[in-house]
Amino acid sequence: MAAERERRELLINVVAGLLDGIRHVAVGASSPIPAAGAMLLRARSELEGKPPVRISILGSQEHNFFTNGAIELFDCAAQGRVDAFFLGGGQIDGAGNINLVGTGAYPKSDVRWPGSFGSAYLYHLVPRVILFREEHSPRVFVPKVDFVSAAATTPEVKRRGGPYALLTNMALFDFDRSRGGFALRSVHPGYSSSDVRSQTGFDYVEPPVVPATPLPDAQTLELLRGRVMRELAETYPAFARTMLQAA
Amino acid sequence: MAAERERRELLINVVAGLLDGIRHVAVGASSPIPAAGAMLLRARSELEGKPPVRISILGSQEHNFFTNGAIELFDCAAQGRVDAFFLGGGQIDGAGNINLVGTGAYPKSDVRWPGSFGSAYLYHLVPRVILFREEHSPRVFVPKVDFVSAAATTPEVKRRGGPYALLTNMALFDFDRSRGGFALRSVHPGYSSSDVRSQTGFDYVEPPVVPATPLPDAQTLELLRGRVMRELAETYPAFARTMLQAA
Amino acid sequence: MTEIVSLEALAADVAPGQSLAVPVVGVSMAATAALIEAGARDMRLICVPVSGMQADLLIGAGAIGEIETSAISLGEAGGAPRFNAAVRAGAFGLRDSTCPAILAGLLAAQRGVPFMPIAGIVGSDLLQVRPDWKVIDSPTGEPGKVVVVPAITPDVALFHAPEADRAGNIRIGRHRELAGMAYAARRTFVTVERIVDRNLMETEDSAAGVLPSLYVDKVAVAPRGAWPLPLWDEYPGDDAEVARYASMARSEEGFRAYLSGFLSQRRKVA
Amino acid sequence: MTEIVSLEALAADVAPGQSLAVPVVGVSMAATAALIEAGARDMRLICVPVSGMQADLLIGAGAIGEIETSAISLGEAGGAPRFNAAVRAGAFGLRDSTCPAILAGLLAAQRGVPFMPIAGIVGSDLLQVRPDWKVIDSPTGEPGKVVVVPAITPDVALFHAPEADRAGNIRIGRHRELAGMAYAARRTFVTVERIVDRNLMETEDSAAGVLPSLYVDKVAVAPRGAWPLPLWDEYPGDDAEVARYASMARSEEGFRAYLSGFLSQRRKVA
Numbered sequence: 003m004a005a006e007r008e009r010r011e012l013l014i015n016v017v018a019g020l021l022d023g024i025r026h027v028a029v030g031a032s033s034p035i036p037a038a039g040a041m042l043l044r045a046r047s048e049l050e051g052k053p054p055v056r057i058s059i060l061g062s063q064e065h066n067f068f069t070n071g072a073i074e075l076f077d078c079a080a081q082g083r084v085d086a087f088f089l090g091g092g093q094i095d096g097a098g099n100i101n102l103v104g105t106g107a108y109p110k111s112d113v114r115w116p117g118s119f120g121s122a123y124l125y126h127l128v129p130r131v132i133l134f135r136e137e138h139s140p141r142v143f144v145p146k147v148d149f150v151s152a153a154a155t156t157p158e159v160k161r162r163g164g165p166y167a168l169l170t171n172m173a174l175f176d177f178d179r180s181r182g183g184f185a186l187r188s189v190h191p192g193y194s195s196s197d198v199r200s201q202t203g204f205d206y207v208e209p210p211v212v213p214a215t216p217l218p219d220a221q222t223l224e225l226l227r228g229r230v231m232r233e234l235a236e237t238y239p240a241f242a243r244t245m246l247q248a249a
Numbered sequence: 003m004a005a006e007r008e009r010r011e012l013l014i015n016v017v018a019g020l021l022d023g024i025r026h027v028a029v030g031a032s033s034p035i036p037a038a039g040a041m042l043l044r045a046r047s048e049l050e051g052k053p054p055v056r057i058s059i060l061g062s063q064e065h066n067f068f069t070n071g072a073i074e075l076f077d078c079a080a081q082g083r084v085d086a087f088f089l090g091g092g093q094i095d096g097a098g099n100i101n102l103v104g105t106g107a108y109p110k111s112d113v114r115w116p117g118s119f120g121s122a123y124l125y126h127l128v129p130r131v132i133l134f135r136e137e138h139s140p141r142v143f144v145p146k147v148d149f150v151s152a153a154a155t156t157p158e159v160k161r162r163g164g165p166y167a168l169l170t171n172m173a174l175f176d177f178d179r180s181r182g183g184f185a186l187r188s189v190h191p192g193y194s195s196s197d198v199r200s201q202t203g204f205d206y207v208e209p210p211v212v213p214a215t216p217l218p219d220a221q222t223l224e225l226l227r228g229r230v231m232r233e234l235a236e237t238y239p240a241f242a243r244t245m246l247q248a249a
Numbered sequence: 089m090t091e092i093v094s095l096e097a098l099a100a101d102v103a104p105g106q107s108l109a110v111p112v113v114g115v116s117m118a119a120t121a122a123l124i125e126a127g128a129r130d131m132r133l134i135c136v137p138v139s140g141m142q143a144d145l146l147i148g149a150g151a152i153g154e155i156e157t158s159a160i161s162l163g164e165a166g167g168a169p170r171f172n173a174a175v176r177a178g179a180f181g182l183r184d185s186t187c188p189a190i191l192a193g194l195l196a197a198q199r200g201v202p203f204m205p206i207a208g209i210v211g212s213d214l215l216q217v218r219p220d221w222k223v224i225d226s227p228t229g230e231p232g233k234v235v236v237v238p239a240i241t242p243d244v245a246l247f248h249a250p251e252a253d254r255a256g257n258i259r260i261g262r263h264r265e266l267a268g269m270a271y272a273a274r275r276t277f278v279t280v281e282r283i284v285d286r287n288l289m290e291t292e293d294s295a296a297g298v299l300p301s302l303y304v305d306k307v308a309v310a311p312r313g314a315w316p317l318p319l320w321d322e323y324p325g326d327d328a329e330v331a332r333y334a335s336m337a338r339s340e341e342g343f344r345a346y347l348s349g350f351l352s353q354r355r356k357v358a
Numbered sequence: 089m090t091e092i093v094s095l096e097a098l099a100a101d102v103a104p105g106q107s108l109a110v111p112v113v114g115v116s117m118a119a120t121a122a123l124i125e126a127g128a129r130d131m132r133l134i135c136v137p138v139s140g141m142q143a144d145l146l147i148g149a150g151a152i153g154e155i156e157t158s159a160i161s162l163g164e165a166g167g168a169p170r171f172n173a174a175v176r177a178g179a180f181g182l183r184d185s186t187c188p189a190i191l192a193g194l195l196a197a198q199r200g201v202p203f204m205p206i207a208g209i210v211g212s213d214l215l216q217v218r219p220d221w222k223v224i225d226s227p228t229g230e231p232g233k234v235v236v237v238p239a240i241t242p243d244v245a246l247f248h249a250p251e252a253d254r255a256g257n258i259r260i261g262r263h264r265e266l267a268g269m270a271y272a273a274r275r276t277f278v279t280v281e282r283i284v285d286r287n288l289m290e291t292e293d294s295a296a297g298v299l300p301s302l303y304v305d306k307v308a309v310a311p312r313g314a315w316p317l318p319l320w321d322e323y324p325g326d327d328a329e330v331a332r333y334a335s336m337a338r339s340e341e342g343f344r345a346y347l348s349g350f351l352s353q354r355r356k357v358a
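Chains as they are written, first to last, in this note's numbering: chain X, 3 to 249; chain Z, 3 to 249; chain A, 89 to 358; chain P, 89 to 358.
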């Protein structure tokens with residue numbers, strides 16, 4: 003339980019770092035770790051006297067700044083008013099494309115996932131899309147997705163949005179939009195860069211020495227275990243409870 | 003004063019007749035005679051057990067069925083949910099085109115009027131557009147408008163909307179969409195068909211014998227002077243007051 | 089004008105082959121049960137912009153001929169088992185979409201135009217599987233490639249809301265996509281927790297959260313009509329029930345057993 | 089986030105040459121006076137979708153370089169005298185429009201697309217004087233000719249509303265075109281009758297009639313800020329005052345006299 007809590011705290015801390023500098027982040031429903039990362043950033047910015055951070059959590063009453071129905075998140079992104087968003091994927095490939103539809107031939111997929119949701123749109127419009135997928139395995143990180151729900155780069159059209167980083171249980175990657183590929187930034191404690199290589203089905207750039215992903219410092223842990231968990235509990239009571247029970 | 007009231011009552015009665023059978027009529031701001039005509043129809047339908055008539059008066063709080071802002075009237079018309087509307091015109095020509103912009107060369111008009119409002123749109127989308135212009139003179143009814151704010155017929159596109167009738171202080175005309183022109187239906191008491199001809203700058207079809215526009219019957223007058231004026235007073239207090247004072 | 093009818097009468101007025109638009113918040117599970125009881129079939133379901141247990145029930149009951157959606161998922165309870173099985177079996181026409189494209193198609197119908205432009209999407213394989221979507225050069229304004237999608241005009245829009253008044257005005261709060269469905273649809277059917285005597289259009293504040301009766305054809309009362317899904321300001325979702333569904337619906341037999349229980353449960357409420 | 093500022097500070101932040109979107113209901117006459125006092129010039133006025141005394145005052149004061157509108161009229165009080173005179177003199181760029189086209193242009197900006205299709209309009213001479221509007225064959229959906237208009241992205245949207253809360257949420261009721269202006273605009277400035285301590289987003293009913301602070305850059309308090317125009321739920325229009333304006337503004341000198349009185353009157357209120 004304690005190990006699970008530490009794993010989550012590391013991810014939450016990385017998310018907060020990836021969001022640094024943004025004014026408005028939107029978080030999908032059922033995304034407690036991204037939401038906690040955003041709340042950690044908000045708490046930090048407040049303590050450091052930095053500009054306030056706005057967090058929209060889809061489906062939440064508390065973190066809902068919208069009054070124009072389901073379209074407003076999408077409009078807001080199109081207007082450049084959403085700085086960061088999170089996407090996952092049943093498959094993610096080395097070009098940053100994501101697949102939320104299924105494996106095998108379309109339409110009679112071998113494995114069918116829910117569908118593309120708003121990904122095909124938001125990937126174009128949100129400057130800092132963070133790919134967040136905890137499972138780090140070759141079945142998720144494939145050379146080429148079977149179905150492109152949302153394309154990472156499209157030189158044929160002007161766009162402000164696209165992938166910014168990929169965060170998994172094992173590692174953190176940056177995305178290079180000009181090259182259209184990932185570069186390993188750091189490996190989480192407990193894993194080696196060769197673990198990452200063996201569990202990743204696509205090729206990526208790797209520095210000669212791969213740093214370890216930093217652990218949250220004491221001040222961060224205090225914020226995280228106190229204020230952030232209290233705030234998170236409003237929207238994700240079950241998740242916050244598990245985190246507190248593990249303490 | 004009594005003559006003025008009679009003139010208005012005749013017009014209101016004609017308007018109610020033109021609206022017969024509709025379910026939803028929209029009336030522009032500052033249009034007391036069209037609004038009264040719609041209210042007369044509503045009262046009659048209720049007494050006769052006919053389907054209810056809905057009246058939207060732009061800018062009115064009382065007669066406002068809309069909750070989606072300024073676009074809703076236009077959307078509603080596009081959806082086929084508005085059966086009738088009224089338009090006027092600084093100029094109206096024999097083809098049914100209307101000019102709400104100005105006379106002479108555009109843009110430095112000799113006489114400038116307010117502008118086209120929603121006419122260019124609504125003329126296409128509302129099945130029964132009633133042209134209502136009290137002044138009947140050659141400067142209003144011209145062979146060809148100087149500026150087409152809204153075109154009456156456009157064979158190049160499918161449309162459900164367009165002119166249905168033209169009502170003035172002197173006469174009532176029908177509009178024939180296949181031919182794209184007006185036909186005199188009746189002349190109001192006090193005028194002759196040659197009065198109409200001399201005051202109309204465009205050509206139109208005229209039956210061998212031109213009937214007189216019927217006066218409102220006793221039952222209509224009772225409704226009009228009672229219930230309709232009371233209802234009208236909520237939106238047009240000054241107009242209703244003048245009508246009642248003339249009684 | 090709006091008719092106030094029984095749940096059964098409301099469901100009976102959806103004909104086979106008709107397209108039915110349903111939302112993600114304000115789901116009429118009561119009408120869903122009534123549709124299944126009435127033997128609904130060959131329906132073209134339009135999810136605005138995604139669906140979950142409602143779509144999965146209709147699919148499992150064999151009521152769906154075609155589905156247009158951005159996703160079908162039971163949320164926390166996982167994938168939608170009957171949807172996933174039916175997709176693998178090719179049991180219906182599948183029109184995969186993305187949330188703003190469905191909303192844009194409805195908006196085109198609301199505006200009376202044949203199509204609507206939409207940002208993003210370029211590069212997605214959705215363009216391959218949706219030949220009705222096109223990429224065009226913008227004919228005016230800033231030059232560039234733009235995706236356009238055709239209008240979506242549902243035969244019937246169906247949702248559940250807390251309140252209707254006697255005139256048929258519906259309180260929808262901030263959930264304006266419910267109004268969007270109604271604007272676009274030929275007819276709109278609404279189930280509500282209750283009918284109130286006051287005029288919902290009376291004040292500026294209350295009117296702001298109202299879908300006017302002008303767009304509402306039929307209203308039926310259905311207490312706890314969204315159950316086991318949540319209804320804002322009224323009740324939370326019954327997550328245990330959805331999880332129970334997710335688990336039972338993994339097999340065809342389990343689904344049948346769940347459905348039979350669900351229908352008799354809904355009959356008891358009604 | 090939203091700043092609460094003085095009326096003068098709000099007006100001072102509109103730069104010469106900027107485009108300013110203004111509504112027909114919820115007109116900030118207080119900010120109009122402050123803009124004129126601040127020496128506003130060369131403004132590109134976008135009327136959403138028409139205007140009256142506000143536009144006429146700005147035109148008479150020489151603040152307008154270009155105007156896009158579907159109409160300028162004083163309503164019951166007749167034509168807008170300074171507008172009509174300026175049009176005859178060719179004093180500014182004139183972009184005649186029709187109500188739904190202005191709303192469609194703003195919607196395109198709201199959606200982040202370069203253009204928006206719109207029903208109707210074909211056959212109107214507006215297409216001759218608006219070369220930025222095009223008639224195209226619908227690229228998808230039902231075939232046919234459709235008019236498309238380019239996006240309208242105002243530099244500043246400016247309106248007056250009854251209330252803001254401390255966070256900058258604005259109560260707009262059913263007047264959703266005010267939200268539409270704000271969505272489309274780069275920045276939004278709002279004057280209000282008062283600032284309230286309660287959270288306007290608190291309940292579903294009150295939130296439904298709110299423009300969220302996310303879209304609001306500056307708020308200034310301006311009691312009776314729409315006078316002599318009406319403000320819903322607050323006060324009716326002062327028709328006698330508008331009629332007095334209509335009569336005085338027929339001549340350049342009369343307009344000057346009216347304006348000077350109007351500005352000192354507004355200073356007294358502030």
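Because the hints were derived from the structure by calculation, they are not lab data.
Glycine residues also receive a C-beta, built at the ideal position from the N, C-alpha and C atoms.
Hints are supplied without guarantee of correctness; some may be wrong.
Claimed, not checked - Dumping the calculated DSS-like pairs for lysine-lysine here, alpha-carbon to alpha-carbon at most 30 Å:
(1) X:LYS146 with A:LYS222
(2) X:LYS146 with X:LYS160
(3) P:LYS233 with A:LYS222
What the hints assert, rightly or not - A few chain Z residues that don't get close to chain A, going by computed Cβ distances all over 10 Å:
(4) ARG9
(5) ARG56
(6) LEU127
(7) SER180
(8) ARG232
Structure-based check of all given hints:
1. Distance check on the hinted pair: LYS146 (chain X) and LYS222 (chain A) sit about 24 Å apart at the alpha-carbon level, within 30 Å; holds.
2. With a CA separation close to 24 Å, the supplied pair LYS146 (chain X) and LYS160 (chain X) stays within the 30 Å bound.
3. Annotation: proposed proximity of LYS233 (chain P) to LYS222 (chain A) holds, straight-line Cα distance about 17 Å (limit 30 Å).
4. At the 10 Å boundary, the C-beta of ARG9 (chain Z) stays outside the reach of chain A, the nearest C-beta of that chain being 34 Å off.
5. Not every beta carbon of chain A lies more than 10 Å from that of ARG56 (chain Z), the smallest distance being close to 7 Å; the non-interface claim is violated.
6. Annotated as non-interface, LEU127 (chain Z) brings its C-beta within 10 Å of a C-beta of chain A; the closest such distance is 7 Å.
7. Residue placement check: SER180 (chain Z) keeps its beta carbon more than 10 Å from all beta carbons of chain A (closest about 23 Å).
8. Remark: the non-interface label on ARG232 (chain Z) is consistent with the geometry, its nearest Cβ contact in chain A lying 19 Å away (cut-off 10 Å).
When each numbered hint is compared with the structure, violations occur for hints 5 and 6.
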